[in-house]
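Q: Each chain, letter by letter, is given below.
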Amino acid sequence: MSAPVVHFAGVTHDYVTPGGVTRALDGVELRIESGERVALLGPSGCGKSTLLGIAEGLIAPTAGGAYLDDVKICKPHSDAGVVFQKDLLLNWKTVLDNVLLPVRLRKERVADYRERALALLKDVGLADFADSRPTELSGGMRQRVAFCRALVRDPDVLLLDEPFGALDALTREQINTDLSSMMDTTQATAVLVTHSIEEAAFFADRIVVMSPRPGRIAEEIVVDVPRPRPAWPTVDHRFDEVLDRARRAITSRKAAA
Amino acid sequence: MTDLATTTSTAGPAAIRPVVPLSRMRRSRGRKPLLGALGVALALIAWHLVTTVGGVQATVLPEPLDVLRSLGDNRQLLLDNVGYTLRTILIGFALSVVIGVSLAVAMRASSTVDGLLTPVIVGIQTVPKIALLPVILAWFGIGQTSGLVIVVLITVFPILVNTRLGFSGVDEEFRSLGSVMGGSRARTFWTIEVPLALPAIFSGLEVGMTLAVTGAAGAEMFAGSEGIAFVMQVASSALRMDMAFAALTVLTVLGVVLYYATTLVAWALMPWTRGRS
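Sequences listed follow chains A and B, in order. Each residue of the first sequence is one higher than the one before, counting from 0 in numbering that gives the first Met the number 0. Each residue of the second sequence is one higher than the one before, counting from 0 in numbering that gives the first Met the number 0.
Watch out, some of these pointers could steer you wrong.
[Unchecked claim] Restraint-style ranges between C-beta atoms, simulated for each label pair:
1. B:127 with A:61: 46 to 52 Å
2. A:130 with B:258: 31 to 37 Å
3. A:131 with B:233: 57 to 63 Å
Worth flagging that the hints you see were computed from the coordinates, not collected in a lab. On a predicted model such as this, the values are computed, not experimentally measured, just so you know. No residue lacks a Cβ here, since even glycine has one placed at the ideal position from N, Cα and C.
Using the sequences plus the hints, can you model the full thing?
A: What follows is the structure in structure tokens.
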């Protein structure tokens with residue numbers, strides 16, 4: 000079975016605030032092909048996280064909708080692996096049990112996924128920490144556990160909501176490299192929300208630049224650099240043009256605003 | 000938020016565990032109980048001096064040594080009565096935990112229940128429980144039932160309020176996490192939210208336990224025919240201050256033991272919160 004197409008069809012979303020109604024998304028039309036990796040890039044307030052929330056089924060849009068293949072997403076669904084900005088690990092469970100949490104929540108047989116969970120932890124260099132508590136880990140290590148948790152049921156869709164947002168720059172680079180090797184093991188359709196141009200270029204097949212108030216798609220940039228992508232984009236000249244275009248797309252919007 | 004604080008402070012692969020100088024940990028650990036014992040000893044010496052050199056009468060304040068003698072002489076009487084009081088406290092406390100936690104869970108599960116109960120709870124909580132004593136006495140008469148009713152009335156609220164606070168303090172994102180991972184509302188609640196709320200629940204239990212002791216003692220004094228506080232009441236009206244203070248000592252020890260037992264259960268149940276605060 001191939002990974003589903005994620006389709007945002009005419010998505011409009013309004014937030015009711017004390018100051019009135021704010022339009023967070025305005026008729027967003029975006030089709031992410033099976034197995035494609037898209038980065039939603041933009042400044043805060045451009046509605047990129049709202050768009051992801053709609054794909055997760057946590058936010059019901061004012062108009063339009065998100066579809067997995069042809070099925071409209073109306074409520075939270077567990078077809079997707081999700082990573083949030085906060086790691087949201089459960090400190091009373093071991094690292095391994097945290098990775099297995101989605102299995103437990105769905106009342107599936109934990110034994111069936113144990114091997115996979117351990118293999119994922121090994122991939123991110125945390126094999127020795129399977130029986131540790133999350134409180135013993137650094138922030139970067141904790142976020143790696145959160146990635147393993149998202150991947151444990153081998154989802155066909157990955158929704159990553161600024162997963163590196165709370166980490167320092169050095170840790171971010173390291174985890175990005177780890178993530179890319181983890182991503183080599185999955186064929187999932189993936190959406191990454193980020194405000195880092197380098198992260199977007201490194202991760203994505205296509206960067207979708209969004210502009211704020213109201214959230215719209217400003218520009219789409221295809222990242223034509225084949226995988227595997229060993230080096231971080233700032234030291235690899237194949238990324239130069241992509242980075243340059245993305246930077247200009249964001250700054251010209253800012254100047255206009 | 001605490002997660003964020005602990006993780007940023009230990010960021011970097013080298014610093015896996017929080018670093019506290021071992022020597023300092025050992026010293027402060029060893030010193031604290033010693034200082035505590037010294038404090039108690041000093042207080043006892045001061046008490047002794049007030050009653051001997053200070054010339055305060057034994058019908059007002061007995062000598063500590065007389066209290067000790069009275070403790071020995073009335074061993075059986077005190078033990079029997081403290082047993083009665085302990086039963087009132089433990090049964091009342093258990094009832095309060097069941098009622099308080101179930102109500103908090105029901106209020107978390109249904110906003111209708113929450114809306115219905117909130118004003119009632121605030122209302123009952125505001126009534127001074129002591130003012131209810133005559134009513135309770137009229138309804139349930141003198142004896143253990145009245146004692147239990149008072150203990151529950153006074154203990155249930157801190158437990159209910161803290162448990163509710165614990166649930167509402169759970170980061171909304173954890174509920175999102177549960178639902179995007181395919182957990183039903185109930186399963187997410189029991190697997191994720193309840194453990195997250197446990198520290199708050201236990202702070203309610205700790206407050207509740209000290210109030211249960213107070214409630215049981217108060218009930219025995221005004222509506223009792225047995226119990227350690229009843230003994231105290233009878234002894235002091237007979238001006239047998241040594242015996243009243245002996246009973247008071249037993250009651251104090253009981254309160255302290257029960258409080259620490261509660262914190263010990265919290266410590267044993269929540270290993271992940273150790274070493275913070």
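Q: Determine for every hint whether it applies to the structure shown.
A: Each hint, compared with the structure:
1. B:127 with A:61: 46 to 52 Å: Given a distance of about 51 Å, which is inside 46 to 52 Å, the answer is holds.
2. A:130 with B:258: 31 to 37 Å: holds (34 Å)
3. A:131 with B:233: 57 to 63 Å: holds (58 Å)
The structure agrees with every numbered hint stated previously.
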